[in-house]
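Protein chains in written order, with this note's numbering: chain A, 85 to 491; chain B, 24 to 190.
Be aware that one or more of the hints could be misleading.
Unchecked claim - Heads up, incomplete: computed chain A residues facing chain B, CB under 10 Å, no partners named:
(1) A95
(2) G99
(3) A122
(4) E134
(5) A140
(6) R145
(7) E152
(8) I154
(9) R155
(10) E161
Simulated from the structure, these hints should not be mistaken for laboratory data.
This structure is a prediction, so every number in the text was calculated from the model and none was measured.
Don't be surprised by glycine CBs; every beta carbon is placed ideally from N, CA and C.
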Amino acid sequence: MPHISEGQLHAWIDGAIPEGSEDERAVRLHVETCADCAARLDAARALRDEAGRILASVAPRGSAPSFEQIRQQAQAESDELQPSGSGTGAGRVRVGWLSPQRLGWAATIALALGAGWIGRAVLEEKGWTDPFHEGPVPAPTSPVVDSETARQNAAERSRDDAVGDVESKEFGQRQDRLAETNEAPSKIDADLAAEEAAPVELRTQGRVAREETPADVADELEVDADSPRRTEAPAAAEAVVSEDQAMVDGLMEPAAEGRGRDARAKSVRPPVDPWHAIPAVRVTPTSDFGGCYRLEYSWSPEVAYLPGTVELMRTEPSDRAGQSIFGIAVPGRSQPMLHEAIWATPAQDSVWLRLVTGEERAAFTVRAERSQANWVGEGRVWTPGAPVSAGQVRGTVSLIRTGCEPS
Amino acid sequence: MGTDWAAIYEASYDDLVRFLYRLVWEEDRAHDLAQETFVRALQHEPEQPRAWLFSVARNLARDEARTAIRRRRHLALVGVEESDRVAEGADQEMERTERHEAVAAALNRLSERDREVLLLWDAGLSYDEITEQTGLARGAIGTTLSRARRRLVDAHRTGEDQNATHL
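Using the sequences plus the hints, can you model the full thing?
So this is what it looks like as structure tokens:
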């Protein structure tokens, strides 16, 4: 008998091969007589246990509300839908959604965005986009991975498909998709395929090559959630998306936000602090700003961010069409942690930084002025989805030159 | 329908939160999405509840990531959170944050499919359920899990080594 495949070994130790079945007996007998496979079996167990230990180390906190609370929540939301008379297919905020007033708001926002986009293009031609621009940060579209990872993943996908086809003959036929997903399997597959085929965001010195487009902005503000990219869109899901987006866009009264959610009994937690995801940042050197800095920042007392420091170190410049925009790399950290990291010196005595976290799309911006050897200014954190007026947290920022040597 | 939703809720809620947390990396959001998933399940009464829950939860998390929808409470000010931190201790909180970042970074090194299969398995789904959920051939689940585990462990070790180097 040929050696046991890695997939079979893992299926066996996971208990996925029915005990006493022909497959199980074949695997067991082979392992008992093959020292190599026995060793591989031990290694597979160790690998499984180690992976399990890693995942177990990040267990979320919090406890479940009672089932009765959930049941009441579901009932309350169902009752709210009844007056519309549209049954389960109705969205919770779609009732009367296309009112003239809301259409007016939407048109106003669309016009404002269009004007902003044109203005942004003009600004970029001049060499810089204001780091304090308050528009929506591009939402994650696909994981930001380096080119090596992308190549590995592509190779594994094709290899895995071949292995799966072979092994599936041994382990049984493919199952049908769930009927409850409200979606034909071909649509999910097509969606995933489209995602995987989409250009991978590649970085050049920390700067994401992909640029935000007007379509992205329109997608951000799309209130009717019938996007063809949605993999699974029950009507209720669309309604919740619409509701949240409407709140983000200021189209709904704040009071509507808490509707029916008080049963969820959760503590309020802050967004991820961008600097927690960016413990070390390399900054391209230029005339005066290049060098090694420690970034100290403090927020107003009511903000939950913990104060901290970040070290800014030198790297080689990232040339971008002669503009004074440079990349910031994050050594020793997964690139997906950071969606965008750029800085510039718009004037001799000022510097701007802008960093956007990969997962949260929380934007951290700094505008600092020279203060002898250091730079002092203001930093802001902008959280996606929160209204701009309330979505920014401000604090003072100091860039303290530490005199470290360039790497 | 004769589905005992209370029992399913009791048995699956923590698994669902754990699964969601490793997709969104925010405890409050994970709980919120898990509860939203159960609310929808009670409204839809799916025939295969457990697989349905994970399928909808995954897509809720994905939708939220795509549209960057955030509620105002995520712009949180001091309150319960701050008192939690004080009680837990800043050092412990920082250590916990770093540990979670390291695991998140390691998971991000996996392909989307590998990561999903690994997290579904870790959430307690069987090979058959993972097959239903992902559309992968059943025979490919073991291979996928093997690769995902190896890559997770390697990426996590690499991260630890790099952190040690920077100290």
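Hints, one by one, checked against the model:
no. : hint : in the structure
1   : A95  : holds, 4 Å
2   : G99  : holds, 9 Å
3   : A122 : violated, 17 Å
4   : E134 : holds, 5 Å
5   : A140 : holds, 8 Å
6   : R145 : holds, 6 Å
7   : E152 : holds, 8 Å
8   : I154 : holds, 5 Å
9   : R155 : holds, 6 Å
10  : E161 : holds, 6 Å
Checked against the numbered hints above, the structure breaks only hint 3 and satisfies the rest.
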